[in-house]
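A.B. asks: Sequence:
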Amino acid sequence: MNPRTPAKGGRQPVRLASAAAAALVAGLLAGNGSAAGEGGTPATLSYDCGLPSGSGRATVEVAMNLPASAEAGKPVQPGPVKVTVGLARGDLAALLPKDTDAVLSTASLAVKVSQNDQSATAMWSDLAAPSTPVPAEGDVRLVHSGPVPTVTVGGTGDVTLAAGELKLGLLTATPGTGQQGAPEPVPLVCEPAAGQDLRLGTVPVPGAGSTGPSTSPGSPGASTPAGGKGRKDADGGVTVQPRSDPAPVGKCPTVIPKGKVDISDAPVAPPGATPGEYDLPGSPGCAYALGVANVSKLNGAMIINDPKRKPVTISVLAVVHSSVRSSVQPGGLYLRLDSLADLRLPDAESTFLTFGFQPVTAKVHFETGPVTISTGNVGTSVFSVISFKQSLRLYDVKVNGTPLDVGSACRTATPYKVVLNGGAKYTNVFYGGTLDGTIDIPKFSGCGANGEDLDPLFTASLSGPGNSIEMNQGTTCIPDSPNNLCPPDMPELPGSGTSKP
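Numbering (the working numbering), first residue to last: 23 to 523.
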């Protein structure tokens with residue numbers, strides 16, 4: 023990539039929405055604007071959007087955090103980023119099928135990054151909104167979030183971020199019963215309305231020995247870079263770099279998830295009309311999911327599917343069942359989309375202290391049953407649930423560096439249930455996100471060799487309630503879709519950096 027030319031920070035939003043569509047259909051304001059201040063205060067802007075009948079006005083809020091200052095040659099990471107688009111209900115109705123109860127949306131925002139006489143365009147793509155109910159009255163607010171590119175400058179002076187063209191990909195979230203083929207998402211292109219301040223934020227890059235305070239738009243000196251006109255190094259310029267490269271995977275594994283969805287942990291429809299139930303063939307794909315598990319008794323963490331150790335993808339069969347009740351039916355809107363996954367995790371390593379003083383290391387083998395992923399809406403609320411049963415086996419155990427023979431069957435005596443909830447932080451099975459929950463670790467059995475019973479040791483050290491798990495899933499690659507999110511992105515390890523807001 024040429025660092026002097028504009029660079030895209032991700033895939034186009036229409037590609038993302040098309041992947042969602044392929045699986046979903048398988049069976050089925052005026053104002054001058056206010057620029058962002060410090061501490062992540064949103065910039066509120068007005069956009070004019072092209073509608074079939076003419077132009078419509080959208081209100082766009084862009085919220086993010088920026089550092090108080092930056093250093094030349096080192097990347098600046100905006101985030102968390104949230105782009106909220108408010109559309110009139112009538113404008114949305116002109117774009118989507120009649121009686122659309124909920125909307126899937128992706129957004130791509132062009133952001134001009136400027137310093138002195140240098141500039142580049144960062145494409146804030148891959149921003150996804152969860153299934154959003156359409157209210158009976160008022161505007162529809164589509165809240166998009168996702169990672170965005172980093173920015174690196176080669177000289178001193180204020181770095182300014184300004185909003186540009188906004189593109190949306192809109193799709194009904196309610197599966198149809200008689201549709202054939204995959205519907206294309208409806209594109210909506212919006213341009214900033216004239217006569218407003220488009221700046222989203224400013225980051226000063228002071229020279230050596232100086233600290234320039236960040237200036238907010240409209241304040242004295244806001245148009246003057248810190249330290250005068252600023253200085254450009256010999257290799258100066260503005261470089262836009264994607265926040266993370268796609269994961270190094272070619273084709274998705276050929277394993278197709280088997281079994282039936284388990285909806286026992288998903289929200290049920292409130293009393294009213296019975297939702298329609300639809301079995302769908304689903305769309306096979308794969309994604310990366312990383313996690314951190316904390317053992318309550320040991321106050322220690324274990325990395326699951328460590329990205330530094332040859333992580334594996336999970337196999338996904340996206341949207342194999344849907345449950346739908348319209349917002350106009352008794353009981354109101356209920357939408358649930360169920361997917362299956364096959365989670366074959368690599369073995370993990372853990373270090374803990376038994377009884378607070380003996381360091382113990384062990385390798386952990388996971389045996390995981392069918393995984394159910396359920397997302398949707400109950401009225402205006404958003405839910406996301408991932409659930410599965412799992413057992414774990416310990417081996418290659420060492421106490422204070424000395425091998426301890428625990429036998430070949432040292433494992434939890436019974437499987438335990440893992441239930442993770444993400445709300446709106448987990449967008450859907452295609453775009454992923456973060457979820458968390460707690461588990462009860464059962465007692466251990468089969469631990470020991472040569473007549474030595476080590477079950478009490480591991481039960482006392484590990485078993486019990488309140489053990490937290492946090493998981494982050496990246497985008498799902500759907501190879502059979504023409505616009506397929508492939509290869510899947512490698513998400514951040516939970517707790518290692520910025521997550522979805």
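Since the hints were made in silico from the structure, they are not lab data.
Worth double-checking, as some hints may not be accurate.
[Said to hold, decoys possible] Using C-beta positions, here's what the derived DEER-type ranges look like:
#1 Asp-121 / Ser-77: 19 to 29 angstroms
#2 Gly-217 / Val-290: 41 to 51 angstroms
#3 Lys-319 / Pro-97: 24 to 34 angstroms
[Unchecked claim] Derived pair list, reagent style DSSO-like, types lysine-lysine, alpha-carbon separation capped at 27 angstroms:
#4 Lys-332 / Lys-420
#5 Lys-411 / Lys-282
#6 Lys-465 / Lys-411
#7 Lys-319 / Lys-134
For each residue, glycine too, the CB sits at the ideal point set by N, CA and C.
A.B. asks: If you draw a straight line from the CA of Lys-465 to the CA of Lys-411, is it 27 angstroms or shorter?
C.D. replies: 15 angstroms, holds
A.B. asks: Regarding the pair Lys-319 and Lys-134, is the alpha-carbon distance no greater than 27 angstroms?
C.D. replies: 50 angstroms, violated
A.B. asks: Next pair to validate is Lys-332 with Lys-420; report whether the Cα-Cα distance is within 27 angstroms.
C.D. replies: 23 angstroms, holds
A.B. asks: Tell me if the straight-line CA distance from Lys-411 to Lys-282 falls inside 27 angstroms.
C.D. replies: It holds: about 13 angstroms lies between the C-alpha atoms, which stays within 27 angstroms.
A.B. asks: Hint says 19 to 29 angstroms; check whether the CB-CB distance for Asp-121 and Ser-77 agrees.
C.D. replies: 25 angstroms, holds
A.B. asks: Go ahead and decide if the range 24 to 34 angstroms is satisfied by the Cβ distance of Lys-319 to Pro-97.
C.D. replies: 40 angstroms, violated
A.B. asks: Taking 41 to 51 angstroms as the stated bounds, is the beta-carbon spacing between Gly-217 and Val-290 within them?
C.D. replies: 50 angstroms, holds
Of the numbered hints given earlier, the model fails hints 3, 7; all others are met.
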